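**Q** Protein sequences, first through last, are from chains A and B. Counting from 1, position 83 in the first sequence corresponds to residue 83 in the working numbering; the numbering is continuous, with no gaps. Counting from 1, position 320 in the second sequence corresponds to residue 320 in the working numbering; the numbering is continuous, with no gaps.
Quick caveat, the hints were computed from the structure, so don't treat them as lab data. Predicted model, so just to flag it, every value in this text is computed and none were measured. Honestly, I wouldn't trust all of these hints.
[Said to hold, decoys possible] Not the full set, but computed from the structure, chain A residues with beta-carbon under 8 angstroms of chain B:
| # | residue |
| --- | --- |
| 1 | D23 |
| 2 | Q123 |
| 3 | I124 |
| 4 | L131 |
| 5 | T139 |
| 6 | G146 |
| 7 | A150 |
| 8 | Y153 |
| 9 | G155 |
| 10 | S170 |
| 11 | G172 |
| 12 | F332 |
| 13 | F340 |
| 14 | T342 |
Ideal Cβ placement from N, Cα and C applies to all residues, glycine included.
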Amino acid sequence: MKKTIYEARIDHIQILDEHGKLDEKLAKDTLSDEDAVFLYEQMSICRWLDEIAFKLQRSGRMGTYPQNKGQEAGPAGAGLALSRFGEKNWLVPCYRENIALFLNGLPMEKILLHWMGDERGNQIPEGVNILPIAIPIGTHPLHAVGIAYAKKYRGEKGVAVSFFGDGATSEGDVHEAMNFASAWKVPAIFFCQNNFWAISVPRALQSGSETIVQKGLAYGHHCVQIDGNDIFASYKVMKEAIDRAIKTGQPTFIEAVTYRLGDHTTADDARRYRDEKEVEAWRKKDPLIRTRKYLESKKLWNDRKQADIEARAKEIVDAVVKRAEGIEKPVFEDIFDYTFATLEGNAELQTQRATRRTTGLGQGPEQEKLRA
Amino acid sequence: MASLTLEPPPATDRKIAFREALREAMSEEMRSDPRIFLMGEEVAQYNGAYKVSQGMLDEFGPKRIIDAPISENGFAGLGIGAAMYGLRPIIEFMSWSFSLVAADQILNNAAKMLYMSGGQWGCPIVFRGNDGAGGQLGSTHSWSVEALYANVPGLKIAIPSNPYDAKGLLKTAIRDEDPVFFLESERMLGDTGLVPAGEYTVPFGQAALRREGDDCTLVSFGRPVNFCLEAADELANEDIHCDVLDMRTIRPLDVDSIVASIQKTGRIVVVDQSWPFAGIASEVIAQVCERCFDYLDHQPVRVTSDDVPTPYAKPLEQAYLPHKGKIVEAVKRVVGVE
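Same shape as in the complex, but just chain B:
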């Protein structure tokens, strides 16, 4: 069983933005591995629709930083072929919402190629881009794809909540031999955090304990981890103390750490920015029930988006998403405080 220790802050005083951390991860890996290239819409001349790849065309040239036509299924499939042929493509989806047209390539080909070739043809490729709502982009452009895609065996899913993990997880993703879906958030790209200049990686399948407390286990991944931390701060003022677990990867999922925390707290609230039905939060709770049912002192609770298409109007979108208030309320409910 995993022993839980609080994740120490990065040993640096260097602060950079989330998008810079992503860029650093890609650039560092590209400097040391000539097989890596970045392909996607607007990634080269325009420096990225969200400026993640700013300056990379200048450094690496058009052979390795490649503007693709608006053809997600096309460049996803092309990347798969290149990966099978020994290159290490990073495929940027401007938004994971646009990956839906590439579903056959990324789910039916990338994730299954190894299996269908009897373990022979691996597909080391990273698909990355913005995931989740919150930018008033309307329902079609606001997908949280984690639950939709995590159902499929053969792929890995990383979802960082902060710049340090963004860099470390993306480096691990690029080096991984399997297809990795890397979910970023447009809402977090400007967030700053401590990120060492040098080399480090963050392993897959190891949750980070962001905050310690004995009363309730808060489990989340990606952007809502930050809402959990805000909620935990507020709850601490009322003497309610939470373990906040940042899963960092959804596949693999570090259930051991969740179980270890529940053995201490006896309570769990899972915060998931996607829809409630058959979501990652549901999966976490199912595994918790299988693994440590007897340790639970209250039924598990989910905080998710509402079960409707993402609203376009700002106040409605904010009300629809998980936020601090909803998390505080949920934790109070499971610890029995009104």
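Extracted from the complex, chain A is given alone in its bound form:
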């Protein structure tokens, strides 16, 4: 006897193509004209933030920075959907979805502050449902599943979404997170930005799997692949994923196919391992270019508006840089305050803290002044 025990089909969704042409049928109930204009403006501001962050790093005013350039559309559409549907959704980010964070209330200067090397960049304002940026690869989807578990435990309605890259899908943590999410039917959503490069390791060498998204099939996820440079597609699939998670408890695995137009981080030079022709081909698929073409074709955008948004982006980012650089310098004592929440009964650390404030770690009174 022989029978088929499992068959699968995975959709790829593209609504706005690289020429700015919209699939009207699929676009139904997704972004309004105002939404599309709004997201284009937000992506433009984020693109400018990227350029300035790069310059800040090169001029020694910031540490390492991972540019988001080219990958704005996926987190933009998904981020907007997350801010609208479900209740009290939580975002659990890595580091290449700035725009999703801003759309969900994270002040822009927090991102700069973080990359300037300040722990306070990860202090999230009250009411903003975002976890600190996770720099280790793939450790945080488990935390998102933990939040989703806690939501179910507490009888809440929203979802917890982790954002990660193609590289993270080679980590065991991500698979354990995917497994728990479906085994326990918690409202977790996995948003994978496949930008084809895990630093210098190309997608083909990372996995023998034909697509990234099919990895979700093994865990019983609803799986969907989208054009990751398409704000309509990312909005649509995230909206549907939220609905699915809340109504059925089935997790969704979204693979957003995109491309990192910049280096991995400012500590990297992608020209050393990437073919310029490949990059050039993807430049033509840039989400900003296609979104602008679309808006212009609908008479929603023109050169004057473009000049306006460019001026506005400069103003906004200038102010953000000022705020990030203007924050009072961190205080040495903070490092002890941040280590434990409670010190009751901890004579050891209390003593340590008391002494280190004046004499520890080679910090004498004369060095104290340097920090003022």
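Fit chain B to the given chain A structure using the hints.
**A** Same frame as chain A, now just chain B:
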């Protein structure tokens, strides 16, 4: 400086086993705090691989007593997320040996989350399970993780030596705002001791003086405390009298009590079931040298496991671990008796 007084016996005549004391701590806390849940391998349907959670599924239901797949890194990380979201997870590792695959989550995430978020995102979570050798489980399943993990700032480590402390320390651990690593011993789960039925806690960072003597300070934590007490009994027959200090928590470590005892005895032997190199015993001695070097009349001595993977064969494993004979010999050496 801490004043040392002998720890009085628990004011009760109720005797229960170590595993029951652990269960009582968890159950009492769970009754009063709905945020607490227990998750781990075999903790629910099977009532715990070592029957620590026996009956808890019946009382608290599957929402709060949760069988996890064999995925230590997974449920450790999931617990961290839940803790950050306001719940109070108790994560059971069947053995701390299995926590090694979860090292990134428990060390790099749980212990650092508060720091890396500028003091904002705490991680109140308890990781607990069996630690240490002695059950003929072979080298991979016989880890004593205390030295390995205690090096990392941001976490607390409790290691009870008896049922009374097991209950009191575990309640403190569950209520703590920071991640707590709670180290039990499979070899002690059946040990019985006096445990009050009612509410009490044992604070972190306070060693218990288990036995008094002027000749030598014996410092230990966890299961080997009991070997120290046996050794102290035997030594007393030869008129050698020891202070036996049960540290109860490794982080925080109550060095004040050790110093107070040394000021009286002038001698110290530290008994540690983990390996000698860069171990907790080494840390204790380093701090003793920093704090009260001038009070020492003999160089400090460590009794640890031997510096090899834990042997599988029974006689070899017993010979490898600290035991009464080794402790007696070490104390005699520092007090100058052959």
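**Q** It remains to establish, for every hint, whether it holds in the given structure.
**A** Structure-based check of all given hints:
| no. | hint | result |
| --- | --- | --- |
| 1 | D23 | violated (37 angstroms) |
| 2 | Q123 | holds (4 angstroms) |
| 3 | I124 | holds (7 angstroms) |
| 4 | L131 | holds (7 angstroms) |
| 5 | T139 | holds (6 angstroms) |
| 6 | G146 | holds (2 angstroms) |
| 7 | A150 | holds (4 angstroms) |
| 8 | Y153 | holds (6 angstroms) |
| 9 | G155 | violated (10 angstroms) |
| 10 | S170 | violated (14 angstroms) |
| 11 | G172 | holds (6 angstroms) |
| 12 | F332 | violated (14 angstroms) |
| 13 | F340 | holds (5 angstroms) |
| 14 | T342 | holds (5 angstroms) |
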